[in-house]
Structure formats: C-alpha cells, structure tokens
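What follows is the residue order along each chain.
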Amino acid sequence: MSGQTDQDGDIIICENVNKWYGEYHALREVTTTVKKGEVVVIFGPSGSGKSTFIRTINRLEEHQEGKIIVDGIEMTNDIRNIDTIRRETGMVFQQFNLFPHLKVIQNVTLAPIWVRKKTRKESEVKALELLERVGIKEQAQKFPGQLSGGQQQRVAIARALAMEPRIMLFDEPTSALDPEMIKEVLDVMKELARSGMTMLCVTHEMAFAREVADRMIFMDRGQIVEEGTPEQIFSAPRHERTKLFLSQIL
Amino acid sequence: MAVATPPQQHARIPFYRDTRIIAIILQVVFTLVVVGGIWFLYTNMIEGLRKANLLPSLSFLSQPTGFAISESVIPYSTESSYGQAFLVGIINTLRIAITGVILATLLGTVVGIFRMSSNWLLRNLATTYVEIVRNIPLLLQLIFWFLLTKEFPRVQDSINLGGLLYLHNRGVTMAWPREGDDFSSWVPWLWVGLAAGIIFYIVRRVQFARRDRPGVAAPQAFLISGGVVLLGLVVVRLTGGQWPLFLEIPQLNRFNFVGGSTITPSFAALLIGLVVYTATYISEIVRSGIQAVSRGQREAARALGLTNGQALRLVIFPQALRIMIPPLTSQYLNLTKNSSLAVVIAYPDLFYVGNTINNQTGQAVPVILMLMLSYLSLSLITSLMMNWYNKKIQLVER
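Residue numbers (the numbering used here), protein chains in the order written: chain A, 1 to 250; chain B, 1001 to 1398.
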C-alpha cells in the first residue's frame, strides 16, 4: 500500500503485533497502518481478536511482540508514553462505562479538568457544545442512570471527544443497544467520520461500514484475513472465510 | 359461538376475604399478642420481685459505691456514686469503641488493599491473617491477648523498644509529649500557626474559585501551620533555653516507671483483640467494595488518560464507598457491642461496671435496662450518622 511510505500521513502503525493469553494466541502478526482521517471498520466472528486488537492501541491490553506506534509515539512500558497516547485516543465501549456517581456534564468535564488541566468553566462550555453536537444538551444535569442506553452511549462519545483526541476507538458501540437506539448512535458516529476524525470501529453495522468506512478489516482467529474498501469487501471478497461470514450476517 | 358470561365485577366481597381488611385484622391481632405478652412478663416479674422484696427503683444511683475502678478518665473514688460509676463505664466503653473503630478501619483498609496486591507475599500474608483471625471466637482471642500481656516480663525487665516503648506485665509504657515550663510562651505560636493555615487555605480556595480551577489546598495549609508551630518550638527553645513541649521518656526507678504514659494490660489486650478481629471483616468489606466496581470503570478512566491514582480517587473509590458504608456500619456496631466482652479480661467498661453495680445493689432490672439502653443509644447514634452519610452519597437512578 502506498500509505506505508507516507510517514506523515500514518497515525497508527502496527507491525507484527502478537498477544497471548497464557497458551491462547489472541493476536497473530497483526500488521496494518491507519492514515490520518481514515475511517476503518474492523469486523469478524466473536473471539477473532478484533476487540483485543483495538484495546492494544491504547494499552488496555498489553501486546507482547511487535510494534505499535500511535501518532509518532511507540507504545512501550514507559508510563509516560502510555499516558500520552491515551490522551490522544478516545475510546467508546460496548457497555458505555459512564461514571454513575457523576452527572452527565461532570462525566464529560472530568478528564479535561484533571488531565488537560483546563478550567472548570472552559471545560463546561466545551462539554455543552459537545453534548449539543451529540443531541443531548438538555440532559446535562442528569445522572447516567436516568438516561436511555442510546443517550448514555452518546454521552460516552461526548466524554471521549472532550479530550480532543486525534483518534477515536469504538469497541462495538451499538451491540448493547435496543434496535431503535442504534440509529441515534450511528448518526453521531457518521457525523464524526465526516468531520475528518480518524476512527477505528469494531462493529457489525454493515450499512454503517458501507456508508462511511474508507477501509474494512476482516479478522479471524487473531489475524487479519483480508482488508479492502467496502465495495471490494462486499462485492468481491477474496477469502472464503470472509464470504462465509458476510453471508451469515448480511 | 359461545356466549361467555361476563366476569362479575365490583361485586361486594365478604369482609373476611377482603385483603385490605385481612391485613388490618392481622396487624391488630399481632399487636394484641405482643402487648399481652409483655404485660404478662412484666406483671410476673414485678410480682416475683415484690415477693423477694426487691422492687425496682433508681434511688441507688446516688448512693456511694464503695468499690474501686481500675481505670477512669474522670475523677472517681470509692466514695463516688453508682451514677458516677456508670458514667465511668460509659466513658471507658466509648474510649475503647472510638479508638477501636479508627484503628480497625485503618488496618482493615490496608489489609483489604494488600489482599488485592499483585505482590505474592503481601497477598498471601494478608489472606492467611484474615482466614486465621476471623475463624477463631473473639472471646478466645481476647483471653489470648490478655494472657500474652500477662506473660510479659516484670517491670524491672521490661522489653525495651528503642527506649520509647516498654512492654511489661503491668501494661505498655510509652514516651508521651509533656508541657515544659515555657509552654505558655509557645501557645501564641500555636494560634498563629492555626490562623496562618486557615488564612492560607481560604485564600487558595478563593484563588481556585476565581481562576475556576480545581485544586487541593489542605496539604499546603497543614504544612504552613506545622511549619509555624515547629518554628515556635525552636524559637522558644533558643530564647528560653527549654523546649516548651518535649517527649517525656519513661524512666524506670526501683519498682515502676516514672513519666511517659502507661496503658493497662486489660485496655491493651481489649484494643488489640477488637482491632485485629474487626479489621479482618473490614478488609473483606474494602476488598469486595473495590472489586464490585466494574472493571469497565477503571478502563474508561484510564482510557481518558487519568492516572492510576486519579482513577482510584475520582472514579473507583467514590463508587466503592457507597457499597462499603452499610456493612461497615454493622462492623462498627459489632465492635462497640463486642467491647462488652471486656468483662472477661477485667477492663472496666460499661458492662463490667454495670455487672458490679448489679451484684452490689441487687437492682438487676433497672441496671440491665440501663445497660441495654446505653448500648442501644450508642448503636443508634452510630447508625444514624452512617445512614445520613450513606444517603448523602447515594447514586441517583431514574
């Protein structure tokens, strides 16, 4: 691929990443590069290592072999590197993981205040902007437990965006949602994709992938089986495994 | 097509089938049974006491006791009244309960955190301690600690720990701060230090508020206060030639220690026993509280770039505390009530003193009622405070 030579455009570089859970080989020689502004959808059967893979990018999981470079910083055991990379990457989880003891607005301002050392007022202004962007400004003073799943996930996106990350990681953001709430979250993600954010999404929302993904990665048994543009993946998958999987979920 | 008969609606129900009326009747019957039972027991008891010529009365409270109490914070002698003796008991119970609760909380928290440590040795030491201590009856443990303190050498051969702490069979003697002759010239420094700390704290808070930043001012305020107070110590020493406050080192003369502060073997054994025992339960509460906060919370906090410490302080601990408060309250109440086991190692707590009063006056009923009422009040006050706190930090859902 031409992107690999273009050092400036590459924001995430993974080379031969390996990870084991005890005997279990969870990631095998994962090698890929993500360009600035690219939207990448990662999909694959359960247990294929897709969640594990995006979780190694901000070190929620440690990789044992290989190289991960995020925004020019190599992910090592150096706590300073880890913290810097985490500040540059926002993450949205399947289970939202909002802080239930804090109001929505406090959820969004917590990290800017304590990590970015912003003033409370500044962070609150920014937080309200973000909450408006994800369409739930009026819920700012409520607690997470008072919101629906879709609303909570949108708060989670706003919370991640509040750190002004350069990369957003989505780990099955719609899998825990009722069907009618999936759309509201996907709409927010589409808007974000169009705004030029670099995004890595683990998701099975194929319509979303077709619409906004620049590239799709199919993973199985810890390895990248194939990658390509949505048209290519949907119309002419190269591997039997990809064909089979797509036939099952489409 | 079959014509279904419409169900009879709003028909009058006979009263003995009406659930609302049944509920009321049951409650009335229950109340009658309870009141009747109490009345029966009460009249029976009064009758028995009348026959024994021991009608309950509180007049004994103002009479002199004639017995000594081995330790008391307030002045007490054999001439003091039963009422005063009772008060000594209450104070002694409070003394053990308050120190016990504080120390058990500290020890329990540390052990609870050790039990989750990645350090193999720490984790297993903590687990062994918890599993041994909580599986042996407390009564047995108190006697064990008491016998252990009794096995300490005679005062003359005390076990010397750095010259500051001596263990012997009459208790534990330790170095203790004492006022020197120039103490009064140091007092102003105390006030100035206190004022400086408070002023600094307020100024910082106002600054934070004005610049709209979060921040902590308390540690620096403490440092400033402490600094002024220490400076005062040095200044008074240099000008007056004597320390205004000094650590009095216990000195052994022929038969006993002079100076320092001594706690009795009973108090030491009771305190150690209660703290070591209760801390095992508290450690489990701390551990389960922290573990009950989902992994996702820590991950979300870390993914946002919060440090481990910030994640613990701002995200994990506030949530763990909510889970920990109710069982922690139970343990505080248990410790307070368990302190009545002091009777077996002769620490003059409320129950011990009450028992003695009962033996001397024969006023079993009023004494036991007073004891129960005292423990009940202590427990209810603790409960109320903890419930208030719990309510204050409860999560809002829906």
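FYI, nobody ran anything at the bench for these hints, they're computed from the structure. Warning: the hint list may mix true and false statements.
Partial chain A-side listing against chain B, Cβ under 10 Å, derived [claimed, not checked]: (1) Leu-60; (2) Arg-87; (3) Glu-88; (4) Gly-90; (5) Met-91; (6) Gln-94; (7) His-101; (8) Leu-102; (9) Gly-149; (10) Met-163; (11) Leu-169.
Just so you know, even glycine gets a beta-carbon here, dropped at the ideal spot from N, CA and C.
Do the hints match the structure? See the list:
no. : hint    : result
1   : Leu-60  : 5 Å, holds
2   : Arg-87  : 4 Å, holds
3   : Glu-88  : 9 Å, holds
4   : Gly-90  : 8 Å, holds
5   : Met-91  : 4 Å, holds
6   : Gln-94  : 9 Å, holds
7   : His-101 : 5 Å, holds
8   : Leu-102 : 8 Å, holds
9   : Gly-149 : 14 Å, violated
10  : Met-163 : 6 Å, holds
11  : Leu-169 : 8 Å, holds
Consistency note: the structure conflicts with earlier hint 9 alone.
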